[in-house]
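Novice: Take a look at the letters that make up each chain.
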Amino acid sequence: MDNALEIDRLAKSYGDFRLRDVSFSVPRGFIMGLIGPNGAGKTTIIKLILNLIRRDGGEVQIFGLDNRTREVEVKRRIGFVHDSPCFFEHLTLLNVGRTIAPFYPDWDGLLFERLLRDFDLPPRKRFAKLSRGMKMKFASAVAMSHKADLLILDEPTSGLDPIFRRALLGRLSAFIQDEGKAVLFSTHITADLERIADFITFIREGEVVFSASKDEILGLWAVVKGGPELLAEDKRSLFKAVRKREFGVQALTAKAPEARRRLGPSAVIEKATLEDIMFYLSKGNGHA
Amino acid sequence: MLKHILKDLLFHRRFLLTFGLFYPLYIGFFGSRLSTPTVAAIMGAFLYALVPIMLFSREDRFKSVGFSLSLPTTRREMLRSHYVLSWALMAALYLAASLLMIVMPGGKLGPAKVFSLQTILLTLATMTLTFAALMPLFVRFGMAGLIVFLIAMQVLGVVFLLFRMAIGRSVISVVRALPRIVAALLAALGPAGAAAVALVFILAINVISFGISARLFAGKEF
Numbered sequence: 001m002d003n004a005l006e007i008d009r010l011a012k013s014y015g016d017f018r019l020r021d022v023s024f025s026v027p028r029g030f031i032m033g034l035i036g037p038n039g040a041g042k043t044t045i046i047k048l049i050l051n052l053i054r055r056d057g058g059e060v061q062i063f064g065l066d067n068r069t070r071e072v073e074v075k076r077r078i079g080f081v082h083d084s085p086c087f088f089e090h091l092t093l094l095n096v097g098r099t100i101a102p103f104y105p106d107w108d109g110l111l112f113e114r115l116l117r118d119f120d121l122p123p124r125k126r127f128a129k130l131s132r133g134m135k136m137k138f139a140s141a142v143a144m145s146h147k148a149d150l151l152i153l154d155e156p157t158s159g160l161d162p163i164f165r166r167a168l169l170g171r172l173s174a175f176i177q178d179e180g181k182a183v184l185f186s187t188h189i190t191a192d193l194e195r196i197a198d199f200i201t202f203i204r205e206g207e208v209v210f211s212a213s214k215d216e217i218l219g220l221w222a223v224v225k226g227g228p229e230l231l232a233e234d235k236r237s238l239f240k241a242v243r244k245r246e247f248g249v250q251a252l253t254a255k256a257p258e259a260r261r262r263l264g265p266s267a268v269i270e271k272a273t274l275e276d277i278m279f280y281l282s283k284g285n286g287h288a
Numbered sequence: 001m002l003k004h005i006l007k008d009l010l011f012h013r014r015f016l017l018t019f020g021l022f023y024p025l026y027i028g029f030f031g032s033r034l035s036t037p038t039v040a041a042i043m044g045a046f047l048y049a050l051v052p053i054m055l056f057s058r059e060d061r062f063k064s065v066g067f068s069l070s071l072p073t074t075r076r077e078m079l080r081s082h083y084v085l086s087w088a089l090m091a092a093l094y095l096a097a098s099l100l101m102i103v104m105p106g107g108k109l110g111p112a113k114v115f116s117l118q119t120i121l122l123t124l125a126t127m128t129l130t131f132a133a134l135m136p137l138f139v140r141f142g143m144a145g146l147i148v149f150l151i152a153m154q155v156l157g158v159v160f161l162l163f164r165m166a167i168g169r170s171v172i173s174v175v176r177a178l179p180r181i182v183a184a185l186l187a188a189l190g191p192a193g194a195a196a197v198a199l200v201f202i203l204a205i206n207v208i209s210f211g212i213s214a215r216l217f218a219g220k221e222f
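Protein sequence lines correspond, in order, to chains A and B. Last residue of the first sequence: 288 in my numbering, with the numbers rising by one and none dropped. Last residue of the second sequence: 222 in my numbering, with the numbers rising by one and none dropped.
Chain A extracted, bound-state conformation:
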């Protein structure tokens, strides 16, 4: 498969935090969701892709180009939405667009103005005066105005009202209809990913727990509910995480078909949502 983004054994340490051998790829024509608890390393990965921080090891290739040696070419093809957008605070939205435009040979001023209208953003308002949600909308408009081939979005839907959230997700789905394009989307709002993502990468404590297609994940992962017999030695190997509750045991498995076969009617097996997976696999929630 032709990849828009390829990350290979990426490593970075600072203070107590270590990003270890992170590898995953985003194929062209698809949306990859990056999930994980706070401090897992999602933003660090995105900053490493954009060279905002220096990596200790590994490689990042975007459309086959190294992100350090071909930095300018690579960044021309990326549309980026930061989790807390920092543009030039005192400029109006139109002027921010004017300062950015010369950096992108494919900047489309008309598209930019149309996106401002579509997103209900007042062009003559100063960036500093926008609410957080409006800032995210504006950052999305900028990211989409230079005909990027890869959109990298760090928590783009946080702070957005549900109506615009849906509209943005719709735009992202439309964006990848051109099969040369791709999206990397980091978020805590897993419902958004269930709606639009094709692939999911789960990061925990600086390591990739899994990176696979969403359908595969939702087909294989399940929440198992049953009595204390689930804790028996021969069954424990089925589970990635186990939580003892007042009225029984709840566990997360990545082997749903095998669990159904082996546990039979003695347990209730429900499809896991991405939120379930994130919850069970997060530190302190009984991950095995």
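No lab work stands behind these hints: they were computed from the structure. Where is the CB? At the ideal position from N, CA and C, for every residue including glycine. The reader is advised that the hints may include incorrect statements.
SDA-like cross-link-like pairs, simulated, lysine to any residue; straight-line CA separation at most 20 Å [what the hints assert, rightly or not]:
(1) B:K63 to A:N51
(2) B:K3 to A:A212
(3) A:K255 to A:A212
(4) B:K63 to A:L130
Facing chain B, a subset of chain A residues (Cβ under 7 Å, in silico) [as the list claims (entries may be wrong)]:
(5) K75
(6) R76
(7) F80
(8) C86
Could you slot chain B onto chain A? The hints should help.
Specialist: Relative to the frame of chain A, chain B by itself:
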């Protein structure tokens, strides 16, 4: 590089208008009251060198450097544009202040003194040394670097005082010797030779400063 400069001019236009008026007026007025341009040249050069640093510190304040670096550019290109814009600004401020020194009512300085080669070289040398020392500090430590520099100047004052107590000779006399050094250079090399030496000196100091800044900027994380 031009796109960075245009971006910075648009972003900082109010700041530039304010300081672009205030500093030349201040130095122009102050200098016009003096009978020799030396003190105004040194003081002015120091202030002009602070303006670009203050300008770029606004990016620190608005945390917009990270955003600028996410644009299709390299850190080296961004830094190069900062150096070029800084020199353009310093030169413009210097020129404006010098002209004001001459035209200010009641002024004691004529064009011959304000634009003498000795004054020009002295201003450029002071401006170069201040800016070249400040820029790497600023790149590495941001606004804190500027504060460290100003504190270091105070500490240096104390060191100079101790130096005087120790050897019985004021460092001020060394600073005062600077115009004499420039004058001696002029006398020995002639105007063209002195100007050439000064230009090489300015260029070399700036290249060294840029090299240090580039290394520091390359390792910085946003």
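Novice: Mind checking the CB of A:R76 against every CB in chain B and telling me if the closest is under 7 Å?
Specialist: holds (4 Å)
Novice: Can A:C86 be said to touch chain B, with a Cβ gap under 7 Å?
Specialist: holds (4 Å)
Novice: Would you check the hint for B:K63 and A:L130, treating anything up to 20 Å between C-alpha atoms as holding?
Specialist: The hint holds at about 16 Å.
Novice: Just to be careful: measuring from the Cβ of A:K75 to every Cβ in chain B, is the smallest value less than 7 Å?
Specialist: holds (4 Å)
Novice: A closest beta-carbon separation below 7 Å is what the hint needs, so does A:F80 meet it against chain B?
Specialist: holds (5 Å)
Novice: Given the hint that B:K63 pairs with A:N51, does the C-alpha gap stay at or below 20 Å?
Specialist: OK: B:K63 and A:N51 at ~16 Å, within 20 Å.
Novice: For the pair supplied as a hint, B:K3 and A:A212, is the alpha-carbon distance within the 20 Å limit?
Specialist: Cα-Cα ~41 Å, so violated.
Novice: Taking 20 Å as the top limit, are the C-alpha atoms of A:K255 and A:A212 close enough?
Specialist: Roughly 14 Å separates the two Cα atoms, so the pair holds.
In summary, the structure is inconsistent with hint 2 from the numbered list given earlier, while agreeing with all the others.
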